[in-house]
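Engineer: Listed below are the residues making up each chain.
2 protein chains.
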Amino acid sequence: MILDKINKPEDLKQLSITEMTDLADEMRKFIIKKVNVTGGHMGPNLGIVETTIALHYVFNSPVDKIVFDVSHQCYPHKMLTGRKEGFTNPENYFKYTGYTAPEESSHDIFKVGHTSTSVSLATGLAKSRDLKGENENIIALIGDGSLSGGESFEGFDNAADLNSNIIIVVNDNEMSIAENHGGLYKNLKTLRETKGNAETNFFKSLGFDYYYVDEGNNIEKLIETFKKVKDTNHPVVVHVKTLKGKGLAAAEADKESFHWINAGALDENPQTTIPAEDYNSVTNEYLYKKAKEDKSFIVINPATPGVHGFTPEFRAKLGKQFTDVGIAEEHAVAYASALAKSGSKPVLAVMSSFLQRTYDQLSQDLALNNSPVTLLIYWGGISGADATHLCTFDIPLISNIPNIVYLAPTCKEEYLKMLSWSVEQNEYPVAIRVPSGEFISTGIEDTTDYSNLNKFKLVEKGSDIAIIALGSFYRLGEKVKKQLAVKMNINATLINPKFITGIDTELLEELKKDHKIVITLEDGLVNGGFGEKITRFYGNSDMKVLNFGSKKEFTDRIPLDELYNRYHLTPELILEDIKTCL
Amino acid sequence: MILDKINKPEDLKQLSITEMTDLADEMRKFIIKKVNVTGGHMGPNLGIVETTIALHYVFNSPVDKIVFDVSHQCYPHKMLTGRKEGFTNPENYFKYTGYTAPEESSHDIFKVGHTSTSVSLATGLAKSRDLKGENENIIALIGDGSLSGGESFEGFDNAADLNSNIIIVVNDNEMSIAENHGGLYKNLKTLRETKGNAETNFFKSLGFDYYYVDEGNNIEKLIETFKKVKDTNHPVVVHVKTLKGKGLAAAEADKESFHWINAGALDENPQTTIPAEDYNSVTNEYLYKKAKEDKSFIVINPATPGVHGFTPEFRAKLGKQFTDVGIAEEHAVAYASALAKSGSKPVLAVMSSFLQRTYDQLSQDLALNNSPVTLLIYWGGISGADATHLCTFDIPLISNIPNIVYLAPTCKEEYLKMLSWSVEQNEYPVAIRVPSGEFISTGIEDTTDYSNLNKFKLVEKGSDIAIIALGSFYRLGEKVKKQLAVKMNINATLINPKFITGIDTELLEELKKDHKIVITLEDGLVNGGFGEKITRFYGNSDMKVLNFGSKKEFTDRIPLDELYNRYHLTPELILEDIKTCL
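If you read the sequences in order, they're chains P and X.
Taking our numbering, the leading residue of the first sequence gets 1045, the next gets one more, and so forth.
Taking our numbering, the leading residue of the second sequence gets 1045, the next gets one more, and so forth.
Possibly wrong hints are sitting among the right ones.
Derived DSS-like pairs (lysine-lysine); straight-line CA-CA distance at most 27 Å [to be verified]:
{"#": "1", "chain 1": "P", "residue 1": "Lys1501", "chain 2": "X", "residue 2": "Lys1595"}
{"#": "2", "chain 1": "P", "residue 1": "Lys1272", "chain 2": "P", "residue 2": "Lys1290"}
{"#": "3", "chain 1": "X", "residue 1": "Lys1176", "chain 2": "P", "residue 2": "Lys1333"}
{"#": "4", "chain 1": "X", "residue 1": "Lys1230", "chain 2": "P", "residue 2": "Lys1239"}
{"#": "5", "chain 1": "P", "residue 1": "Lys1560", "chain 2": "X", "residue 2": "Lys1557"}
{"#": "6", "chain 1": "X", "residue 1": "Lys1176", "chain 2": "P", "residue 2": "Lys1334"}
{"#": "7", "chain 1": "P", "residue 1": "Lys1230", "chain 2": "X", "residue 2": "Lys1230"}
{"#": "8", "chain 1": "X", "residue 1": "Lys1623", "chain 2": "P", "residue 2": "Lys1364"}
{"#": "9", "chain 1": "X", "residue 1": "Lys1499", "chain 2": "P", "residue 2": "Lys1596"}
{"#": "10", "chain 1": "X", "residue 1": "Lys1230", "chain 2": "X", "residue 2": "Lys1364"}
{"#": "11", "chain 1": "P", "residue 1": "Lys1596", "chain 2": "X", "residue 2": "Lys1595"}
{"#": "12", "chain 1": "P", "residue 1": "Lys1271", "chain 2": "P", "residue 2": "Lys1057"}
{"#": "13", "chain 1": "X", "residue 1": "Lys1623", "chain 2": "P", "residue 2": "Lys1556"}
{"#": "14", "chain 1": "P", "residue 1": "Lys1052", "chain 2": "P", "residue 2": "Lys1265"}
{"#": "15", "chain 1": "X", "residue 1": "Lys1557", "chain 2": "X", "residue 2": "Lys1531"}
{"#": "16", "chain 1": "X", "residue 1": "Lys1499", "chain 2": "P", "residue 2": "Lys1556"}
{"#": "17", "chain 1": "X", "residue 1": "Lys1176", "chain 2": "P", "residue 2": "Lys1461"}
{"#": "18", "chain 1": "X", "residue 1": "Lys1073", "chain 2": "P", "residue 2": "Lys1623"}
{"#": "19", "chain 1": "P", "residue 1": "Lys1595", "chain 2": "X", "residue 2": "Lys1556"}
No lab work stands behind these hints, which were simulated from the structure alone.
Fair warning: this is a prediction, and the values are worked out from it, not measured in the lab.
Same shape as in the complex, but just chain P (with noise of 0.2 Å):
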């Protein structure tokens, strides 16, 4: 096996061309029967692996520096940078993380997770070399469907102004996470159709060399174009057409589905246990079927369908009032809030990880117009998630920002409540944390009604200790609630808050006469979030306050019960907390 021969990246400049092609062969056959194990993004490490040996062919890693874009296509370049054992050793599946990580290797300059980053972070680094006067290359390699992103076009023109040597490679797989919007893209089309002659060139009209290669798995192709750009002078695109999912034929045919896989997804009785019910089902009935209710009803989403399950078949059935903006979450928000603006009902589908991307727009396009938009947000909550997609942040994020009406359900009635109510209301910007956890439905009808503002649900009431338990942690404030009585005889209250951005001041003046102690349970970050609300309310009186809920810190793959424990959100700890305010 040649692979057996490369430890290194200058181990490859031993190889034939030949050699080189069956190594791609064989990297492949790793790579698609260890995703299949531990989940993870297949076709894009599938459609890279020539392009990534060619690179560290002609380029000298870690001298020459190679920034990832997103980085979930780095998983040939960790093959080749002394971590393949990660690949070829299912002992060791789980030992590095799907993404560059400088902990790891010297070959992976940043941490990086989201998308559209790796031009600006390079053109950074060619700043430094050219400051400190030296002369390496710098190398980004970027997807296409990266391209849509703000943050890209801010790198590519300020790229494009260094005196110097920068070399963008773009991974032109004519897909994103599903297939491509934007003008763009015609571009692009038309660029791989003429064979990079087209007169009309968005890379050269920002001013950058430019060299396409149209068969972007051949090796010998992509040696010799890298070689050309090798120690150039000035900014260079170098546009790559690559095959998403290259030799595996599902994800050759299904690019989307093999974007990123579940593990086990290509045993032959794969383990796909699709509930009955969940909240994707329950959401995407309702936005179905209000869309043919009303013409002027749309759903928008910036490239993540497969996180909301807006299947190809529920994009089609939706046609017109379905738009995927693309990777461009900042247009996203300012979209929606035009159309909500001009009468037409908007709900934004977006993860609570990549909303991080469109602050501003929250708070000047759509909370300072106050526009009616209804934004679902997805996942937020404390995960094992990798430190580049958690989704803990949402609540210090949103609730922040004046005007947004941030929502927390706690079952499958009150989100459909929320969600029907949002929709139909015409004052405010409106977030629903559509839950993370278990789905539960309560079978009971929710008849609350949401523009009372900031009314909290007193579910039970007790009396020394009142729990206010939001969102996806309601069902721990009822395990609280049940240890309190049975190992502290104490019959607590329990408030289901539902608001985030607001506090219902009346219930919690009211909790001074016969309570103590108040805790707050929020399934996300405490600093800056929901309970310290609760806290300040309380500053100037006896009652004593607790804040459950993650500290502010970046975990990397942590075992979710591991952090409960940390955090101290199991009953058990909360109840020792609540111990020492007695």
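With chain P held as given, fit chain X onto it using these hints.
Structural biologist: Frame of chain P, contents of chain X only:
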């Protein structure tokens, strides 16, 4: 006077080209006179008079909708849409805002003050029109400077995908606030030089139909072109070359200085009281000195040099060690992060309100990678500014992101010590809130070691009440201490916390011994801010805590005194609140 006859856009349609040309001159004179009294955006408005007249002549606002980017060029629009007395009658000079404001007129669609939003917003309006089966024209008016912003590109990319009417007027006055930066601007130059005929065309590369108006201050030519594109059934860009500052010789000659002027700038003896020393001057003295010492030191700014006193002379002196990235805050942060990661020493200067553009980059590109960048945050604090330019949100924005150290100096000496510490260290991303109020120099050297994180400074130890007074509110803390002594005979403890992003648990614990009340003072939003963390710390104790700062709301040109009264930010009102705890 022709303007006498113009009370609404339709009135323009009765005028001849000659009359409209005369009208433009009349309007310009009023703008110059008014802006010299009130201060405001001079250059952008003088340059856009003819375009505005031509737009309102050809289109039918408010049925046809015009979206202004940044909207600091909307004065002529206001004059033509029923608000001319705000310009002709000195008594009404302050009646209307300097930005589009839907509450003033149905001709203003959005409240806008940040750049690069118009194309996204217009795309939303166009999509809404299409969903509803209507047929009005949707126009976005965007300056060349705003094109570099990521949100703008995301908007263009998506606008090009509309299969229907949208007209984007690019007002190319060859300037951002200062000069433009980025590869795109070379293409604009080529397009101007070729009168729009160059083969390489940024707008065409995105799929737009393209028109060029070389004489962008010639009403006849503008009308001719706007008539051609009116009722278009596809996305169109009209690239208009205009003269920034037209009609005011000084503004034509010095476009940067006359972008925005202070009141009285045109007076014979303008009242320019240049202080001998202020925070800008001491900052820039340090930056220059450091740049000379260390070739890897670099100052970065996203297109707002005037805010920081980065004059053309200062920029020239720094040469390659100064990068204006253009309006591109996202890129600025990622670029700075990479520079730091690569061993250079970047300082990024940015205004609090515009920092909002880059939350995710602060989190992912910077904090997660723990790059030792120094961020200087300007103008942070409560102010009487427009709702679009509030600087009250930076503490909640930054301080709930892990890893970043955010510092609040209270005087020149602390500020310079923090700045040099931050630049020399290699451990953390550091942000410093450049004091926004009165310039204070104590004359006492600051010898603090800021690597001892979250160590608050106990300025004076008293008892019963502790005042934790952050940054620019430290002087308010001093006043409260005095009043407590005089009026309530209490010798309060005074603390200068210095660190925004962490708390000094040891000191806070110590206070429990002989204090009953802690108050926190911060010059910004209290929600999600500094004080709430102190309150949370004391949640399980008997300590009473009061947090003072601004409320969660968008205020719009409310005088500072009024805001201080509203938020209880005077010593008298603070004492009253303290009494409620006793």
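Engineer: Are any of the numbered hints broken by this structure? If so, which, sorted upward?
Structural biologist: 8, 16, 18
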